[in-house]
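Student: Throw the hints in and build the complete structure from the sequences for me.
Listed below are the residues making up each chain.
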Amino acid sequence: MFPAAFDYRAPVSLDEALGLLAEQGDAAKVMAGGQSLIPLLRLRFAQPALVIDIGRLPSMAEITRDDGHIRIGALVRHVDIERSTELAKHLPLMVEAVHWIADPLVRNRGTVVGSVCHADPSGDWGSIMLALNADVVAQSKKGERVIPVDGFFEGPFTTTLRPDEVVTAIRIPLPSGHAGGSYHKLERKVGDFATVAVSVQVELEGRKVTRAGIGLTAVSATNIKAKKAEQALIGRELTDDVIAEAGRLAAEAAEPKDDIRGTAAYKKDVVRVFVQRGLRAALARAQEVKA
Amino acid sequence: MKVTMRVNGAERSGDVEPRVLLVDFLRTNLRQTGTHIGCDTTSCGACTVLLDGEPVKSCTVLAVQVEGRGIITVEGLAEGANLSPMQAGFHEEHGLQCGFCTPGMMLVGTALLKRNPNPTEDEIRWAISGNICRCTGYMNIVKAIQHAAKAQAKVPAGAAAAGGQ
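Each protein sequence line maps, in turn, to chains A and B. Position 107 of the first sequence, counting from 1, maps to 107 under the working numbering, and the rest follow consecutively. Position 131 of the second sequence, counting from 1, maps to 131 under the working numbering, and the rest follow consecutively.
Keep in mind that the hints were calculated from the coordinates and are not lab data. It is possible that some hints are incorrect.
[To be verified] For lysine to any residue, the following SDA-like pairs were computed, each having C-alpha atoms within a straight-line distance of at most 25 Å:
(1) K228(A) with D241(A)
(2) K2(B) with K227(A)
(3) K2(B) with L14(A)
(4) K89(A) with W126(B)
(5) K29(A) with V16(B)
(6) K29(A) with Y138(B)
(7) K189(A) with W126(B)
(8) K141(A) with L18(A)
(9) K89(A) with E11(B)
(10) K189(A) with E11(B)
(11) K189(A) with G80(B)
(12) K189(A) with T41(B)
(13) K2(B) with E86(A)
(14) K114(B) with T85(A)
(15) K189(A) with Y138(B)
(16) K29(A) with R145(A)
(17) K189(A) with G70(B)
(18) K114(B) with G70(B)
(19) K2(B) with M1(A)
(20) K114(B) with V16(B)
(21) K154(B) with C98(B)
(22) K114(B) with E86(A)
(23) K2(B) with L50(A)
(24) K29(A) with L83(B)
(25) K2(B) with K89(A)
(26) K2(B) with R42(A)
(27) K189(A) with V79(A)
(28) K189(A) with E79(B)
(29) K208(A) with K189(A)
(30) K189(A) with Q97(B)
(31) K189(A) with S129(B)
(32) K114(B) with A5(A)
(33) K189(A) with K2(B)
(34) K189(A) with G38(B)
Tutor: As structure tokens, this is what we get:
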């Protein structure tokens with residue numbers, strides 16, 4: 001299969017990339033690792049006039065710490081997350097989740113930021129970033145815009161990114177104190193999209209939850225944040241009852257559809273179970289962490 | 001667009017449309033047909049090549065993205081007239097039946113042993129999890145990679161490092 005014809009540019013500076021986007025806007029598609037875009041081009045679901053390959057932009061392939069945040073540059077690949085000792089220490093949720101994303105060969109090319117911008121409702125990173133309360137850093141000729149991931153997804157494969165903007169990084173607040181997270185994903189085989197997946201992140205003070213994040217994959221028109229379930233955890237101890245209630249509320253927030261991977265009712269119940277398992281795993285990890 | 005890359009150590013150029021996939025550039029422009037086209041949907045791994053040493057699916061890379069970079073295909077595995085340890089492993093352990101997935105499997109195995117010379121069976125199985133064998137001959141593929149790991153451990157470091165740049 002061949003994509004429809006397009007022009008190709010590989011800018012070597014961010015300014016050059018922003019100039020191209022300012023001129024071409026909606027007619028252009030930005031490509032980082034290409035692991036979502038190239039399949040779309042091949043199937044001709046996407047037929048942009050111009051592909052802007054940002055793969056050669058300098059200093060975007062780094063995971064850095066600044067100002068209470070971990071910053072994931074636009075060219076950080078899934079495999080870089082697997083190998084990051086920094087993330088294994090501070091955000092083990094990401095390192096656990098990455099093994100469940102696509103397959104090892106795709107992880108060698110695909111990027112975290114590209115995956116979030118692709119906004120596939122079955123994508124994994126979107127729900128992880130919702131659980132971690134991350135921000136997207138968007139750049140255009142007019143300047144920088146920091147967009148909370150909560151609100152970034154508008155619909156399937158649609159975000160609030162403007163046509164002249166490119167995402168340069170994702171910023172994740174560093175957990176303070178006792179924190180833990182986990183990712184549970186049901187997939188039929190390696191490389192399949194999730195039937196259901198659930199990201200959970202909690203921070204504790206003593207035994208009480210101070211911050212909670214729950215992101216859901218493949219159960220709505222976008223990755224969603226189970227806010228009522230999160231709220232039900234704040235200020236509480238993670239007892240069996242509290243965990244069960246959060247599972248119930250998250251399942252209520254899910255709006256899955258019947259498809260070849262399962263019925264809507266089944267998927268809702270998987271959300272309930274995964275939220276409970278996720279919270280127990282996150283709690284165990286948070287209690288291991290020495291503040 | 002003109003594109004130049006190193007393929008199995010030799011500089012190769014071509015004039016391609018931007019939409020040409022790396023696998024088609026290798027097979028059609030360079031006549032290197034050891035890299036197979038299987039699913040054409042980023043699922044099967046038959047088109048696996050090493051891009052700067054790391055296995056990727058060449059049906060999901062544009063040829064123009066590889067400008068100035070290095071590719072190793074299955075044609076680049078042999079060491080002169082001798083099989084590489086990975087190729088010898090597939091030969092000795094009957095690691096192939098129809099052979100269609102074999103180039104990808106051997107390249108993934110080669111890259112794995114470079115990073116992790118003594119992988120566990122579990123690590124091997126995860127490493128090949130993006131490559132599908134339609135004959136379902138996974139048992140012997142795993143054995144073949146284990147065979148190569150053992151063979152490499154017996155020779156001095158460096159001498160068996162196939163698949164480098």
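Student: Against which earlier hints does the structure fall short, listed by number upward?
Tutor: 2, 6, 9, 10, 11, 13, 17, 20, 21, 24, 25, 28, 29, 32 and 33
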